[in-house]
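*Asks:* Can you build the whole structure from these sequences, using the hints too?
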Amino acid sequence: MYPGMARRAGEGRGIMRQTRILIYGETDGESLSSVTRELIGKSQDLAREISGASSLEYSLALIDDRTENCRAELSSYGLSRVYIWQDAGGFRADRYAGLLAETVRREEPDILLVGGTPEGRSLAPRVAAEFRTGITADCTELGLDTENRLIQTRPAFGGNIMAHILTPDRRPQIATVRPGVMSPARRTAHCPPPEWILCKNMIQTSAIRLLETRPAEDAEGIDTCRLLLAVGGGVRDREDLEMFRELASLLGAGLAGSRVLVERGFLPPESQIGLSGHSVRPRKLITFGISGSLQFRAGIRQAQQILAVNSDPEAEIFRAAHTAICGDLYEIVPELIGRLRSG
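No gaps in the numbering here: position 334 of the sequence shown is 334 in the working numbering, and each next residue is one more.
FYI, nobody ran anything at the bench for these hints, they're computed from the structure. As the structure is a prediction and not an experimental result, all values here were calculated from the model. Even glycine gets a Cβ: it sits at the ideal position worked out from N, Cα and C. Check before you lean on any hint, since a few could be wrong.
Label-pair ranges, simulated between beta-carbon atoms [as the list claims (entries may be wrong)]:
{"no.": "1", "residue 1": "Arg264", "residue 2": "Leu166", "range": "22 to 28 Å"}
{"no.": "2", "residue 1": "Met162", "residue 2": "Gly343", "range": "41 to 47 Å"}
{"no.": "3", "residue 1": "Leu250", "residue 2": "Gly327", "range": "50 to 56 Å"}
{"no.": "4", "residue 1": "Asp237", "residue 2": "Thr323", "range": "24 to 30 Å"}
{"no.": "5", "residue 1": "Thr205", "residue 2": "Pro268", "range": "23 to 29 Å"}
{"no.": "6", "residue 1": "Thr323", "residue 2": "Glu263", "range": "23 to 29 Å"}
*Replies:* Listed below in structure tokens is the structure:
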């Protein structure tokens, strides 16, 4: 057990000290995953907002042999240290959790940030149990309070409120962060390179046996669409989706929906936007018949421009929209299709 498991001496009493963040890094092939860049970006933000005379540094743990192509990029983010675990073998949750826990012992972080991916969600609770500390899953925002404790924000009670959670006495404070809800890291010119720490895998066994590997199903690309149409409860019948598919085709856009349509069976789960679905960041998002629940609005926070169509002038979606059209989608959409067809 490292000394940081319990609250460190002097923390919260106005004594100057350094706050440490450890980020669990993931790769897509031979490059950093997008959620890893987002966690580094949030750490950069927290380093700027830290209170008082304290300072903050952030480091990264990579349990992956395919890191050569990441070195130049990682050298430009202001990281203090990068731990690289070699010969870790293929992903096994118990083995990787043991290596991440060992990194925590070596680094002694105040905060551990993990992506809310299938891999991260399987590791973070194991590490939390190892150190008997708290964990907040699927955070949509992170901040620091006046004592530089991590404020972990996530939806609660079915998305009707946003809960702000603290881990006051145990360390590390652990949060998993939903992919796509935070801005990616910014490269910093002339920043000192991180210290590279090569670690040899000392956990060779695993209780998990891999039986089969299957390719992931196509999620229709809504995470990366530049132009995206989203439809909601204002769509009355399944057959009515055809006009939205035609409109999306004419515009060269992707098509997604709210949880209401997924629960009705009108759209597959892969098309759902919101905290229980995908977080999207298109350049332009056009919504039709979506009321704009808290969960849905959290999933579109990174959209650059939002145009909302709804027949209810009091719809919550208009709060998030840059352009609002109050009208009947069954009149507006056919008119749009007709104009696009006629050129």
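*Asks:* For each hint given before, does the structure comply? Return the numbers of the non-compliant ones in rising order.
*Replies:* As far as the earlier hints go, 1, 3, 5 are violated by this structure, in ascending order.
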